[in-house]
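Can you make the complete structure from the sequences, with help from the hints?
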Amino acid sequence: MCLAIPMKIVSMLPGGRGVVSCDDNSADDAGGITCEVDLSLTPGVQPGDYVIVHAGLAIETLDREEADARLALFAAWGAAQRAESGESGESAESGESAESAKSGESDT
Amino acid sequence: MQYITAFRQGDAGRHLVQQIARWGAQLADAGRTVFLMEVCGSHTMAISRYGIRGLLPRQIRLLSGPGCPVCVTDAGYIDAAIQLAEQGAIIATFGDMMRVPGTDFSLADARSRGADVRVCYAPYDAIAIARDHPEREVVFLGIGFETTMAPVVALVREIERQSVPNLSVLTAFKLVPPALHALLGDPEVRIDAFLCPAHVSAIIGALAYRPIVAQYGVPCVVCGFEPLDILLGIEQAAAMLCAGTPELVNSYSRVVRPQGNVAAQALLDAFLEPTDATWRGLGTIAQSGMRLRNAFAHFDAAVRFDLRETPGTPDPACRCGDVLKGKIAPADCPLFGGACTPLHPVGPCMVSAEGSCAAHHRYGTAEELGP
Amino acid sequence: MTDDVIKLGHGGGGLLSRQWIAEEISTRFGQSGPLREMDDGARLALSGANLVFATDSFVVSPLFFPGGDIGSLSVHGTVNDLAVCGAVPRWLSLALIIEEGFATASLRRILDSLQAAAVDCGVQVVTGDTKVVRKGQCDGMYINTAGIGEPLPGFALSPSRLQSGDAVLVSGTLGDHGMAILAARESLPKSDALQSDAAPVHRLVQAIAHLAPHVRFMRDPTRGGAAATLNEIVADQPVGIELVQGQLPFHRAALSLAEMLGIDLLHVASEGRMLLVCAPEAADEILATWRRMPEGAGAACIGEVINDPGRVLLRTDFGGRRVVDVPMGELLPRIC
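Residue numbers (my numbering), protein chains in the order written: chain A, 1 to 108; chain B, 109 to 479; chain C, 480 to 815.
Because the hints were derived from the structure by calculation, they are not lab data. Just to be clear, a hint being listed does not mean it is correct.
Unchecked claim - Each computed SDA-like pair below joins lysine to any residue, with the alpha-carbon atoms no more than 20 Å apart:
hint	chain 1	residue 1	chain 2	residue 2
1	C	K486	B	G222
2	C	K614	B	D224
3	C	K486	B	T449
4	C	K486	B	D224
5	C	K669	B	R226
6	C	K486	B	A193
7	C	K669	B	D233
8	C	K669	A	R17
9	C	K614	C	A582
10	C	K486	B	S220
11	C	K614	C	F581
12	C	K669	B	I235
13	C	K669	A	V19
14	C	K614	B	G222
15	C	K486	C	R497
16	C	K669	A	V10
17	C	K610	C	D591
18	C	K486	B	R226
19	C	K614	C	G580
20	C	K614	C	F537
21	C	K486	B	E194
22	C	K486	B	D187
23	C	K486	B	L451
Said to hold, decoys possible - Derived DEER-like restraints, expressed as beta-carbon distance ranges:
hint	chain 1	residue 1	chain 2	residue 2	range
24	B	F143	A	D68	30 to 38 Å
25	C	G798	A	D68	20 to 28 Å
26	B	H241	A	M12	28 to 36 Å
27	B	E381	A	E84	49 to 57 Å
Beta carbons are placed, not taken as given, at the ideal position from N, Cα and C, and that holds for glycine.
Right, dumping it as structure tokens:
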């Protein structure tokens, strides 16, 4: 249970609330979902920080260093997997097409 | 979305699947099969959604435990909510609760019969509903584990702060650690390791599971809900089981702190106190629930409306209790797929989309779907 | 039917809908004739002329949503039903049910939008009806349109023509309409970027009409989403469909909202997309043709037909597989 996703703080609101967005593109919010959430349980957060949002409340902050370190590890494993496997061309393509299918849609 | 989609990258996943296969081979050599229980409904869903079961070696079995607060909500609670609606209250609820069967009806059924039931994404949204209907009582159905307690209690805090006289909360909060202890204390239950819930742990902290490792010698891995998190968590648990070195591993350190969210714990402690709770399918577990403290009784719908909640009577043929404890697989229950289907669920495991039986029925089983 | 009252889910396009249709409609009207096929439109012959006849009712709320309104939707919906039956839409009937007290200005906006959509689609509204009901009924307005179309030559569409190895194509991103509607409702997170995909698809069909002999079947994924539609197509067939997770096209905003609400976009309606199953050798040309058109910009091959009777499966990015189920009924956000 406890569906919660990382969202980026866009702006602060009075009463311990704030506006968060799913969009990672800080230059332009197009394509993003925004909503108002309760930030009272993550004191000290600022616009630009990431929080984990569950049912309209930020339950924790995302430690980006930890997240990036973990992603780097996964990226290394992914690269190792592609190098190892006989279908290295195929796997790389399907991975890329998945990303481009998703990121490409932001232009429509 | 980068911190979501990046944790679903296929090649890294295949690498982890290979690592897990190596541990599986070691277990096979030792003639062992190990059972990993994931407690959290969101883990069950993600495992089903990404077909993870079908990628694991036979020596590593995944069990789905009672981690779905919707599933384990007693039928009597639904009946009480419907009763309030029939008395003219507006019921505001999370979407998950709509199809949960009470003794006779679900909230969706009650709505078809004229009850005013509204789905909210956030408990805070109930305030706007109450403001729009000052002449009616609005009741928010506050079910959930520690993660969901936070936004529901924040709602109570706001009801008080903003003075919303016609809004109250009907709570059915449950705590995860007592359930884990109850499971491990049952001699018929075979659990070799836990995949601990991601966001409950964000509230209570990774260290909350240390007593379980110490007392039962069972490895506990706190892992996130993305498929790479889950595969890594399984790999880490398998490694510890092969080595015989049970430890607490926080594999979701990007969100979960050792002590948890102290501000959240303080909020919960200010408003709530422990109580016994009935878990549908498991029975009563002592001190496994939370209720509003007397100082906040006024916001408690059970007190405001003098509700007498009668516990539901489970169908005698229903084996949900055994499924929730991991004793049997969904397909082993005689009602599975016949009398009990997602359209007409009998027990909690089929009720919610993330219940073990519902997930298995919808997404297929490992035996059916190899890669 | 075990339920003694109709539930919202019965109209949701999912399991409840199918069950209800099987038990109450097919038994009475579908034992013979076109209704037995349960196609989007009925193929009829009149004095030697062939035509296709389809109908759809529109009860969307809110009436005005990002990317469209009930007026344009009521044209596109029936136009699309005719189009995916391989027909050129020609004539529409228009039945309006309006709530007493509904603002005339809003009504005119809707009718203007409807007129513009009809002109754009090349269909003529030739008959209609208006009813006004008491305040509190019909959520402002309900519309029904029925349409007649002229079959294009060369199409012989039937699920029974699906063969293992056939390509499964979609004309664009999935689930935008349903998510836009959800986001337009109160109490849910908002997005300016989330627009309904409501649009006509008849031009997409006409553009590939020269490849008609290679096309096995077409349908538009409305209520219940691609999951419901694909399951309908292979139900009772000796083949199934396997989708590839990495090839499913989704708009980023729809994906984000779906993640927040725990919703599977395969269960979410589109109103301007079509699914098409074709012989594998025709897939590239169909996709290339569609991608040159504005309404087909995001077209993709999302999977293939397989020898697994009656099932729709998804191959995940990790090489795992899972069943793509028919959704329950109503689309509900989750917190669990």
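Which numbered conditions among the earlier hints are violated in the structure presented, ordered from lowest to highest? Per hint list: zero violations.
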